[in-house]
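Number of protein chains: 2
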Amino acid sequence: MAQKPSIPKGTRDFGQLEMARRNYIFDTIKGVFSLYGFQQIETPAMENIGTLMGKYGEEGDKLLFRIQNSGEKAALAPEKGLRYDLTVPFARYVVQHREELAFPFKRFQIQPVWRADRPQKGRYREFYQCDVDVIGSDSLLGELELIQIVEEVYRRLGINVCLHINNRKILAGIAEIIGAPEKIVDITVAIDKLDKIGVDAVNAELVERGLNEEQVKALQPILNLSGTTQEKLTALKTILAGSEIGLKGVAELEEVFQLLDIVNLTLNIELDLCLARGLNYYTGAIFEVKALDAQIGSITGGGRYDNLTGIFGLPGVSGVGISFGADRIYDVLTELDLFPKELLTATQVLFATFGDAELKYALKWAKELRARNIAVEVYPEPTKMKKQMGYADDKKIPFVAIVGGNEMETNTVMLKEMSSGVQQQVTLDELCTIL
Amino acid sequence: MAQKPSIPKGTRDFGQLEMARRNYIFDTIKGVFSLYGFQQIETPAMENIGTLMGKYGEEGDKLLFRIQNSGEKAALAPEKGLRYDLTVPFARYVVQHREELAFPFKRFQIQPVWRADRPQKGRYREFYQCDVDVIGSDSLLGELELIQIVEEVYRRLGINVCLHINNRKILAGIAEIIGAPEKIVDITVAIDKLDKIGVDAVNAELVERGLNEEQVKALQPILNLSGTTQEKLTALKTILAGSEIGLKGVAELEEVFQLLDIVNLTLNIELDLCLARGLNYYTGAIFEVKALDAQIGSITGGGRYDNLTGIFGLPGVSGVGISFGADRIYDVLTELDLFPKELLTATQVLFATFGDAELKYALKWAKELRARNIAVEVYPEPTKMKKQMGYADDKKIPFVAIVGGNEMETNTVMLKEMSSGVQQQVTLDELCTIL
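Protein sequence lines, in the order shown, are assigned to chains A and B. As numbered in the working numbering, the first sequence has no gaps in its residue numbers, which increase by one up to the final residue, 435. As numbered in the working numbering, the second sequence has no gaps in its residue numbers, which increase by one up to the final residue, 435.
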């Protein structure tokens, strides 16, 4: 036999169990999105290369999958590339269709994206993103609703999480206050590592990145901020007293916390001044969600952007969005054994037969059951009992209905419960009741 | 403002209404597949170029979208291409994962495919296919179940259809009987056009394709075959008496019709000897489904193949499958106005407010309603009534709950039904009852 076929590295096939589990995650998330009036859109896998280039930094440009032109243009530079994320196509969509949309526009989008990254554990070249955004309003109700959605999604999935929140304006205020507004990126990159490397290493990195001793000293109250959310906010107001943008960030966070009080949120929320998030289009609140009982990074993240659509010529449209990491959520649910057990029990009963007459008898029963919306299979050939039972086992079908001469005479089937091995002779009505 | 962004030609964005309608089609089809024990799989968008090349004929090879290699290999021949259909990846999947699968393996797959075809009305470069197959059994129960699925899907969608059925073995028998077995492709291509161009033109084409006068004459009883299915089958048995393979094809069709009688199918089925279907991997039954009340080609098609996995080194595994054309089904449902009206009514009620206190009051109500699984939106800013009402109109939200001082005092909302304009003051319980 020839060598087994394979698929490109970094890509995956999803079998029935994986699909059932993935659909469970997507359906749960979609169900919650819908409760808040978010509606689904889809964009093409390919975008014009100009839509994608320059939107993800130099490194991102290198990771774009480009489509070779067809025909005579094959040798020329590619005109199309595969979607790298859902955010840039979303911005493109909003600008292109702005006359047809009702603003504030609330959309969600669940589609694969492609990155020519070096594949490694948990990092794929094709993976799904699951984004929800509201664009066309600067109301902080957007932040509130996304946080409520996070709470409800993880409540339904059974995952204990903590939501970390910060505000980009506070980070800008800090950079301003220590006299290094142009160093905001260096500062955020460094303090983002506080959890991992500790305060001394962060300070060393800050010096390496060009801050002087005085500036690093001025940062210490931020790095050491502790206490309740209210205590942190109060302290911040003192620290940032000289920065208009910093105080604006504090005020926004205070308002979000007030809104959260109104709806009695029970989610763990931590004001985390070291949360920075890499993407530089964020301008207000930023979020990250971590699973409490699993060693994995962020499973959801996002924030507010004031000018995402500006890159396509429509400036000044504020929005806020988050992205659920389906692959990581899948890993957490697997690790904590939280997937519902009955996900793959699609077929309720398999008919096993041992002759043509029995097979035909089974077909009539199957039709009746399906008319009652019960999923049924008829083993396609009268063959050995063992083979038919093995099929039911492999597919985790809970019941097998065995048809023989006696059953046909009495208008019954012999129903075997696969988990217990118990058999009983039942009529069609009795079978419906059991299933 | 800059030029509006656009998407590559032949691709499409799907807005909320289109998505709701597409999901309605997919969910209907999935629901029926599940009743028969078919389970979903997904394969990567990219396949190794060797998996795709040579599987769709010379023309198909030209229409493959190839992915440019990254890094130093950029100038070399592409190693990956985008999925061109779901059949070849399915065959690759079965061979690659054969040790993990329960046979007969019943799978369905709903994913986009890409073809570098010249875009035109109804023909896209990215479109969804919706395939269902059972592989690993040559039982004609497979044919029966697929026909039952066709009946149930179109019954649920409300589309009147006719299923055309034929058998490749009959076509082979005909070629054999007229003494031109090597001309089977020419014969099928020509007689496939009978409906469109008439018998004289078909005969002319047969001559052009190298059949002699005697052979064309021998074909006439086939072209002129009429009467009931039983009459056609009886006539065929006489015509094909000298061809073993031809008689096998007739016997297979007879058995399928007997099975259909057992389950009392009400679907229109026509034995159509001019049905050929282009793809040359079919070896047994072939099907096509046409909508009776719309001028459009085939909306579903498929057939039995005895050696699909042979191309990947696993010969002799028989299967049968069909593919639902989602885009064409969409067009038929649109043309006949058959989409359910309430598809886009996601949000049940919009809260309209005119001040901060009212907004906060609305947030509490919204939380209560969502806890009862009712989809609710709160307009994110206290702004002009007209704007908030316009938003409800645009999103086709059936009710607006208006909150003012009086409502807050009496713990009610003023509920406006948008279709009638009727307003009434209601409590939370009353609101739940109405929704």
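By construction, these hints were calculated from the structure, which means they are not laboratory data. Each hint should be verified, as a subset may be incorrect.
Just so you know, same-sequence chains aren't split out, so a pair can sit in one copy or run between any two.
Here are the simulated DSBU-like cross-link-like pairs (lysine-lysine), alpha carbons at most 30 Å apart as the crow flies [said to hold, decoys possible]:
id: 1; residue 1: 387; residue 2: 360
id: 2; residue 1: 290; residue 2: 4
id: 3; residue 1: 73; residue 2: 4
id: 4; residue 1: 248; residue 2: 367
id: 5; residue 1: 396; residue 2: 30
id: 6; residue 1: 55; residue 2: 384
id: 7; residue 1: 232; residue 2: 290
id: 8; residue 1: 416; residue 2: 341
id: 9; residue 1: 55; residue 2: 183
id: 10; residue 1: 386; residue 2: 290
id: 11; residue 1: 4; residue 2: 232
id: 12; residue 1: 9; residue 2: 73
id: 13; residue 1: 395; residue 2: 416
id: 14; residue 1: 193; residue 2: 387
id: 15; residue 1: 62; residue 2: 9
id: 16; residue 1: 364; residue 2: 232
id: 17; residue 1: 384; residue 2: 248
What you are looking at is a predicted structure, and each value in this text was computed from that prediction instead of being measured.
Of the numbered hints stated previously, which ones are contradicted by the structure, given in increasing order?
2, 6, 10, 11 and 14
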